[in-house]
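Q: One-letter residues, chain by chain:
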Amino acid sequence: MAQFISTQKRQGYAIISIAKEPVNSFDTAMWQALHAALQAVETDSSMRGVIITSGLQRDIFTAGNDLKELYAPLTSAQQYAIFWEAQSRCLVGIHSSRLATAAAIRGACPAGGCAISLCCDMRLMTAGAGGAIGLNEVALGIPVPKYWAGVMVQVIGHAAAERLLLSGSMVPPKAALQLGLVDELVDDKAQLLPRAEELMQQAVKLPGGARAATKAGLRGDFDEAWLQYALTWEAGPRGFARITDPNTVASVGAAIQRLSKGGGKKQPQSKL
Amino acid sequence: MAQFISTQKRQGYAIISIAKEPVNSFDTAMWQALHAALQAVETDSSMRGVIITSGLQRDIFTAGNDLKELYAPLTSAQQYAIFWEAQSRCLVGIHSSRLATAAAIRGACPAGGCAISLCCDMRLMTAGAGGAIGLNEVALGIPVPKYWAGVMVQVIGHAAAERLLLSGSMVPPKAALQLGLVDELVDDKAQLLPRAEELMQQAVKLPGGARAATKAGLRGDFDEAWLQYALTWEAGPRGFARITDPNTVASVGAAIQRLSKGGGKKQPQSKL
Amino acid sequence: MAQFISTQKRQGYAIISIAKEPVNSFDTAMWQALHAALQAVETDSSMRGVIITSGLQRDIFTAGNDLKELYAPLTSAQQYAIFWEAQSRCLVGIHSSRLATAAAIRGACPAGGCAISLCCDMRLMTAGAGGAIGLNEVALGIPVPKYWAGVMVQVIGHAAAERLLLSGSMVPPKAALQLGLVDELVDDKAQLLPRAEELMQQAVKLPGGARAATKAGLRGDFDEAWLQYALTWEAGPRGFARITDPNTVASVGAAIQRLSKGGGKKQPQSKL
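Protein chains in written order, with the working numbering: chain A, 1 to 272; chain B, 1 to 272; chain C, 1 to 272.
Be careful, since some hints might not be right.
Negatives, chain C to chain B, calculated, CB over 12 Å [claimed, not checked]:
no., residue
1, Lys189
2, Gln202
3, Lys215
Under the rule of at most 16 Å between Cα atoms (straight-line distance), these lysine to aspartate or glutamate pairs were calculated in the EDC-like manner [to be verified]:
no., chain 1, residue 1, chain 2, residue 2
4, C, Lys146, A, Asp221
5, A, Lys9, A, Asp59
6, B, Lys146, B, Glu224
7, B, Lys146, C, Asp223
8, C, Lys9, C, Asp44
9, C, Lys146, A, Asp44
10, A, Lys146, B, Asp221
11, B, Lys146, C, Asp44
12, A, Lys146, B, Asp223
Everything labelled a hint here was simulated from the structure, so no lab data went into it.
Think of the CB as a built atom: it goes at the ideal place given N, C-alpha and C, for glycine as much as any other residue.
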């Protein structure tokens, strides 16, 4: 999947661009590829920041998980464990990165796309119509993973996160800004990456070691608990039991149907 | 005490109405009865939500704990442990319920009444004069139970909760809305239940299993720690020692005196 | 160092004034002296509150740690452990005090000064120009101590704290008020202490035992973890390894140079 992910290096930071048409859906290999791209930047000592963005034609950051990985008839306990580990290692890797991290979000940012952006240090989003961000799993009949919810709690507070998560809501850019779900809006698509780079240039001026150690102090305990939970509970038999629940199978099956029919429309697809 | 609690079932949700004149005070039997009423709704698989409201004549949600259960001369270590367990199992039961939960609050909502409403997923309140909500224990000379404080921290954040709790404050409806202590106000008493039902009808449309699992992810660790602490520390000798402290005995005794004198007044009573 | 700290007792509360010219820098002895002054107030059962303020000529609350304690060439693993213990016992002592606590902040409040004020129950600040507050360690190339960051998270929330801390920012009074980093501003220096005393008089009217027990419920677990971490990790070999890191030695050395040159200027100094 490495062909879908490209990394450009600038002075002090890199831009990771994800472009797997049509919606940047993340299966196991994609999570592994994004994680590998991040690690490649981290191992370059001249790099102190990274911007994650979408290279898709349509205005979609990423639609999140490929539903086939969550649809019991198409996977197995073993494959599910591998998928869950890849996904969690990538997200925890972003959240705990020594780098300054920014998500530059153009348009739709549901579910797993929202999770990726919540793991960054800052989130910029286009203000334009059609954009929306949120962990909308409940609306699709699937539980929000415990630590995805936890990251949203960190970013916007417990009560606001509960309200969004339990109603399966995605919110448009202005509401996202008010909630603190994103840090800044840009009026025009063309300004998204330049503004992200401007902010990143400021961030990488700071002493990187002190910044990284402070970030580790703020997030380390959470990330350790997250990975531990993901590798034991979520990737284990209890996690798999969750997706073999008949209601979940029906919900995910229906969502796959809906998405395969609507695949040609202009409307961004809400996957997981 | 079951005679004081009535449950009406609607399409997909129930309304639990509490009406023990004059102020819905909660002794052991009342906590057990409310818990039993909740569990009866939960075991009905057609039910996906519950609204808790007051059926009192006066504008009082509930005045909270019956002070006799907290007044050392009128109780015993054994009775106190039973009381504490009943109260905590009911509150944790509400907080961890698989159901969508709403508190529909008319008027005064002090102490234990505030605790019940904080354990719900959403809180609606009448905007009218005379209403107020808060964990006002400190003003009465009694500590706020640790996990009651913790639930308020989840709902309005640490700093705002500390400010309210350490000053023993109750806040009027508009201030409560601004703080996030309630989610919405209704102008008129007559709109309270209709609006709560409207919101509940939206909530129960969502896939119940995914909603409940997401809620468990957000609250499960907290609820487990709460029940553990309540059953060991609070219901144990250290918890009882707290209410046998002479200052606390004097404070609670004085509050009982005040309330028994003022029992006939229209003014809502702030019990615990 | 006791000569730099004076305590005045009023009806029900005390005022601790810190005046070690030019910038109230805290070395080991100063942390011990402030802690001792606090404990002296706590052991007086007539005392229910304390205001901490600066008695300096210039508008500085305190510049925080004396950098010599953090500069590896001028200290040793043994001395660093003693310093770290003194500092942490003082800060945890303030944060967990049975007393109502207020910081009355005139002017600059960087780093350790900000940590002291965050450990109080309330923070008042002069609105005047030149004032600023924040844990600006990252800007100086030093990590923010884990539990200092944690206290800021409690006061202003996780996301806002991360933004400030990772950018090493100090914010002016109005922005601090909006963030909740301080609770109230006073227009004029002359109003600072009178207003702090006014608020303290309200706080000490409340039943002290109930207030203290509620505060312990809100902060106790955090404080226990803080002290444990400080005495093992921070004061131990891993903590010392952090300040012997060549980048940190260079950053701290440069800061000491800068401060010793600028010591005569009117501009408040940002130490740690």
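Q: Now, for every hint given, state plainly whether the structure supports it.
A: These are the hints, each one checked on the structure:
With a least beta-carbon separation of about 25 Å from chain B, lysine 189(C) lies farther than 12 Å from that chain, consistent with its non-interface assignment. For glutamine 202(C), the condition that its CB be more than 12 Å from all CB atoms of chain B is violated, with the nearest at approximately 8 Å. Under the 12 Å C-beta cut-off, the non-interface status given to lysine 215(C) relative to chain B is violated; the minimum distance is some 6 Å. With a C-alpha separation of about 11 Å, the suggested pairing of lysine 146(C) with aspartate 221(A) holds against the 16 Å cut-off.
With a C-alpha separation of about 24 Å, the suggested pair lysine 9(A) and aspartate 59(A) falls outside the 16 Å cut-off, and the hint is violated. With a C-alpha separation of about 14 Å, the suggested pair lysine 146(B) and glutamate 224(B) falls inside the 16 Å cut-off, and the hint holds. Pair hint lysine 146(B) plus aspartate 223(C) holds up; C-alpha atoms about 15 Å apart against a cutoff of 16 Å. The hinted pair formed by lysine 9(C) and aspartate 44(C) meets the criterion: a straight-line CA distance of about 10 Å does not exceed 16 Å.
Of the pairs offered as hints, the one joining lysine 146(C) and aspartate 44(A) is violated, with about 26 Å between alpha carbons and a cut-off of 16 Å exceeded. Among the hinted pairs, lysine 146(A) with aspartate 221(B) is consistent with the structure: their alpha-carbon atoms are about 11 Å apart, no more than 16 Å. For the suggested pair lysine 146(B) and aspartate 44(C), the alpha carbons sit about 26 Å apart, so the restraint of at most 16 Å is broken. The straight-line distance between the Cα atoms of lysine 146(A) and aspartate 223(B) is roughly 15 Å, inside the 16 Å bound, and the hint therefore holds.
In this structure, the earlier hints numbered 2, 3, 5, 9 and 11 are contradicted, and the remaining ones agree with it.
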